[in-house]
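Enquirer: Listed below are the residues making up each chain.
Protein chains: 4
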Amino acid sequence: MRVLTSPQLNPATETGWRRRWFDIIYRHDSRPSRNFDLLLVVAILASVAVVMLDSVQHLHARWAHVLYPVEWIFTVVFTLEYVMRLVVVRRPLRYAVSVWGIIDLLSILPAYLSLFIPGAQSLLVVRALRILRVFRILKLTRYVEESGVLMTALWRSRRKILLFLFTVITITIIAGALMYLVEGPNHGFTSIPSAMYWAVVTMATVGFGDIVPQTAAGRLVTSVLILIGYSIIAVPTGVYSAELANTLRQTEAAQRDGRGCPRCGLEGHETDARYCRQCGELMPTPFSC
Amino acid sequence: MRVLTSPQLNPATETGWRRRWFDIIYRHDSRPSRNFDLLLVVAILASVAVVMLDSVQHLHARWAHVLYPVEWIFTVVFTLEYVMRLVVVRRPLRYAVSVWGIIDLLSILPAYLSLFIPGAQSLLVVRALRILRVFRILKLTRYVEESGVLMTALWRSRRKILLFLFTVITITIIAGALMYLVEGPNHGFTSIPSAMYWAVVTMATVGFGDIVPQTAAGRLVTSVLILIGYSIIAVPTGVYSAELANTLRQTEAAQRDGRGCPRCGLEGHETDARYCRQCGELMPTPFSC
Amino acid sequence: MRVLTSPQLNPATETGWRRRWFDIIYRHDSRPSRNFDLLLVVAILASVAVVMLDSVQHLHARWAHVLYPVEWIFTVVFTLEYVMRLVVVRRPLRYAVSVWGIIDLLSILPAYLSLFIPGAQSLLVVRALRILRVFRILKLTRYVEESGVLMTALWRSRRKILLFLFTVITITIIAGALMYLVEGPNHGFTSIPSAMYWAVVTMATVGFGDIVPQTAAGRLVTSVLILIGYSIIAVPTGVYSAELANTLRQTEAAQRDGRGCPRCGLEGHETDARYCRQCGELMPTPFSC
Amino acid sequence: MRVLTSPQLNPATETGWRRRWFDIIYRHDSRPSRNFDLLLVVAILASVAVVMLDSVQHLHARWAHVLYPVEWIFTVVFTLEYVMRLVVVRRPLRYAVSVWGIIDLLSILPAYLSLFIPGAQSLLVVRALRILRVFRILKLTRYVEESGVLMTALWRSRRKILLFLFTVITITIIAGALMYLVEGPNHGFTSIPSAMYWAVVTMATVGFGDIVPQTAAGRLVTSVLILIGYSIIAVPTGVYSAELANTLRQTEAAQRDGRGCPRCGLEGHETDARYCRQCGELMPTPFSC
Chain A
1 MRVLTSPQLN PATETGWRRR WFDIIYRHDS RPSRNFDLLL VVAILASVAV
51 VMLDSVQHLH ARWAHVLYPV EWIFTVVFTL EYVMRLVVVR RPLRYAVSVW
101 GIIDLLSILP AYLSLFIPGA QSLLVVRALR ILRVFRILKL TRYVEESGVL
151 MTALWRSRRK ILLFLFTVIT ITIIAGALMY LVEGPNHGFT SIPSAMYWAV
201 VTMATVGFGD IVPQTAAGRL VTSVLILIGY SIIAVPTGVY SAELANTLRQ
251 TEAAQRDGRG CPRCGLEGHE TDARYCRQCG ELMPTPFSC
Chain B
1 MRVLTSPQLN PATETGWRRR WFDIIYRHDS RPSRNFDLLL VVAILASVAV
51 VMLDSVQHLH ARWAHVLYPV EWIFTVVFTL EYVMRLVVVR RPLRYAVSVW
101 GIIDLLSILP AYLSLFIPGA QSLLVVRALR ILRVFRILKL TRYVEESGVL
151 MTALWRSRRK ILLFLFTVIT ITIIAGALMY LVEGPNHGFT SIPSAMYWAV
201 VTMATVGFGD IVPQTAAGRL VTSVLILIGY SIIAVPTGVY SAELANTLRQ
251 TEAAQRDGRG CPRCGLEGHE TDARYCRQCG ELMPTPFSC
Chain C
1 MRVLTSPQLN PATETGWRRR WFDIIYRHDS RPSRNFDLLL VVAILASVAV
51 VMLDSVQHLH ARWAHVLYPV EWIFTVVFTL EYVMRLVVVR RPLRYAVSVW
101 GIIDLLSILP AYLSLFIPGA QSLLVVRALR ILRVFRILKL TRYVEESGVL
151 MTALWRSRRK ILLFLFTVIT ITIIAGALMY LVEGPNHGFT SIPSAMYWAV
201 VTMATVGFGD IVPQTAAGRL VTSVLILIGY SIIAVPTGVY SAELANTLRQ
251 TEAAQRDGRG CPRCGLEGHE TDARYCRQCG ELMPTPFSC
Chain D
1 MRVLTSPQLN PATETGWRRR WFDIIYRHDS RPSRNFDLLL VVAILASVAV
51 VMLDSVQHLH ARWAHVLYPV EWIFTVVFTL EYVMRLVVVR RPLRYAVSVW
101 GIIDLLSILP AYLSLFIPGA QSLLVVRALR ILRVFRILKL TRYVEESGVL
151 MTALWRSRRK ILLFLFTVIT ITIIAGALMY LVEGPNHGFT SIPSAMYWAV
201 VTMATVGFGD IVPQTAAGRL VTSVLILIGY SIIAVPTGVY SAELANTLRQ
251 TEAAQRDGRG CPRCGLEGHE TDARYCRQCG ELMPTPFSC
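Chains as they are written, first to last, in the numbering used here: chain A, 1 to 289; chain B, 1 to 289; chain C, 1 to 289; chain D, 1 to 289.
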């Protein structure tokens, strides 16, 4: 994925302050860059917290005069960081249109928009997306391979899960239409889209209870729908479990036998292999004992 | 399954326009037939969307004069398509009584019925079932084998899941009767069927909240019922996971190798093995014996 | 389990009508006994349906004069059946105290009790438990081995699931007490048992909504409780899946290699075994090719 | 874990009454110590029951004069036990700051606090945590290895489950902010934290129904959020199932055999194998080399 490719230094600025800032901003291995990462994560979390607190009415009423300037300070800091990222990278445009670049832009834009359009400030919550940067920073730790395994299994089961979602949506449409006909608009099933919303809420076992069947026929259809949903919930779990077990087994198998054939160099032999399956050469005994 | 058998061309019409239309309608490999498939999917989705929008009251009030003719246009188009399918196929009756034929008929019938019976038009939502045609069209892609694996696992676990459903229904009846006795008709448990509906909603962890226990005894029974449901929910997931893992493993094993070593007899070689990993003997080449 | 041991014929009556009735009632292999089984299942389902319908008020109001005698007819039939079972079996007492004997007794007792205690008739729903007889009758079909696999896996995971239930109950007590302190009696958390009921309903993701947190602190505790419940729901499913996969694998492995050693007779060899692992005798090659 | 290290006897008191009480309190193998354990579990359960019953208003109104002294008796008994534990153990401070020591202290402190601060008595429910001692006492039974397997699998999947929780929290923040913008404060989404609470309740399929979307846009966002939650619920279950299956397999493999055949070198023999299944060579007896 494009997101994961490391940005490259602007070659025209391989020395001087730009080089130093590039290292600080985009790398995660030296002391200053780690401090920068830490500060950034703290700033992101703090700015999200400020937006969240500001949305609580009684806090807003009392602390608006503090929260408002703090929001602007974060906006200025993030703007400076955004400009800096554009300046020191080799291809500024490529960064600007990358997923991270767009998130970074979106996390400062609403503040400036709010100068012209009242209320736009609420959109600052988009900053929450910047929290995902934590994953990027954690990239250097052991969490990478774990998330790699998780994503590989998810990627492998994508077709099965898409098929599943498609089936669920089809059932939702039909169940929604059926309930609209059975219950009628008097009991909250005012339209097919409303009934479909109810069907999703019911099949996924959320069950808010804002719309409920009230006729005997409606309750029967609901019971059947629930039992279908209950049986179907097994599918994504089953698919994902099976693929994950598969991925784990293969990762293990790849680490299993480190021996390479002395003649043709083929790797990945089974542990009990005594001869290379490619060229018939006698293999060294495992662990040389 | 009958659904999956390809319909055959009417032999008396193997040339001419009928042959061309058969290819367009029933096949999915040439350019015109793909365009037809695409148009059909778009028309189905659009017609379902129209029925859905028409069910929303304020949209109906304002746009009925547009939505009504559009519904009729789709009805006419689908009628023409249905007739065409009957004309070009070798055995029209067999198509008419197949699952797809019945769905196709049901998706146009309500419109004509609405001329005589007011309100029948709402039944047009049955058209949603035609969306399933998308699967049929996707048949030629890689989704087939995926859904094959999913269905095989589901088919294999059918008996276990039936047993599970039977157990759930038995528990539902007994829990419903118990709650009817414990809570009485004052708290919404007005009859055993109502209480059974509540038991299904509760055990499947949907929990609408339209009927809730209000006595201490009722809450105790509910807690026990929930814990039973919570333990039992593991069964279909576990069954399906295990069967799916099994199916995946067998699919994999089938792709491995049936060759035995001519000298030592060891089996289970990888497909690219040229020499026995046990004794170094040259293996027969795969599929050439 | 005692339930599964076949009842034995009274030896003093090995001929004559008792023998015939024993075969009809307790066996499932001849034509008359199958008809009896079928009739019994139909009668059980019908009697449960009658009790269920009778609990619906407007049906009761109108059809009580029909439903009441029908209930008594079923009671008489089941009483005759119960007496018959006692008469023809070798040890009547042993049948009377078995699980099935008690269920059979309980399914007729409430009717007679209702002659003295008004309302006892509602207890007739206990008859629903007789539906479980269907499993017994199905015993001769392929469902037996399926349910055997399901039960074996459940039996194997019993300790893990007990540990899990114990953990859930401990968390429930602590969460209930915490919410009782945090929310107080004004918001429905009127006592620790009430709060525990709420905690079970919440952790199992049922969420009726009859009791909900209304303070910020209560909502925070609820969110944490839900996330704990959400992570913990994985345990029974995971345990059961793993045990079921294990059971399936072992069943398969036992069927894997049917070869017995020609000298010592040991069975259960791996497929690639060329010599008996017990006595070193050369094994016949699998499938004799 | 520190909790699991056995406390050691005070060496200065290896004889006399301290030694006897140490054996009784901290060991679980002799008759008196087992009686002590049993008494302790009963006392804990009874004291928790008393606190629970006392929280029910109509029971408190009627039985307070009984429950109040009983609570104090348990407090005195637990205080004596706590002092005893401190006296007989080798390092009293180490016990006092251990998890169990803190729980033991917390389970008596609220009673004494209630003499000065009214209402502190409710905190006595902390005693419920002492129930966990049952696990400690069960340590000597077969439940240990079972819980060992469960905990090992949980420990192995900790990183994956943390990643999952982190993802869920990020989605929660963004979904909460989105719903706050879409629905506005009129429909219960009064602030971003409130909307986040709603998002947790919804994604975990609890669905209390105290806050529900009422606009079409809000319902659409909700449906999407539910489908995401429905797909994501597979992750912890899948992770845990896979790791548990892995742990079970390894436990099994560890019980298999490390012996290699002295002639052909084949490994992976069953434990009861006396001859190599590949070449018929006599195997070395297990564990004798």
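Errors might be hidden in some of the hints.
Computed from the model, here is a short list of chain A residues facing chain D with C-beta under 10 Å [unchecked claim]:
{"#": "1", "residue": "Ser30"}
{"#": "2", "residue": "Pro32"}
{"#": "3", "residue": "Ala64"}
{"#": "4", "residue": "Leu80"}
{"#": "5", "residue": "Leu129"}
{"#": "6", "residue": "Met196"}
{"#": "7", "residue": "Leu248"}
Hints listed in this document are in silico derivations from the structure and should not be mistaken for laboratory results.
Note that CB positions come from ideal geometry on N, CA and C, so glycine has one too.
Enquirer: Run every hint past the structure and note whether it holds.
Expert: Tested hints:
no.	hint	in the structure
1	Ser30	violated, 25 Å
2	Pro32	violated, 26 Å
3	Ala64	violated, 14 Å
4	Leu80	violated, 24 Å
5	Leu129	holds, 6 Å
6	Met196	holds, 8 Å
7	Leu248	holds, 6 Å
Checked against the numbered hints listed earlier, the structure breaks hints 1, 2, 3, 4; every other hint is satisfied.
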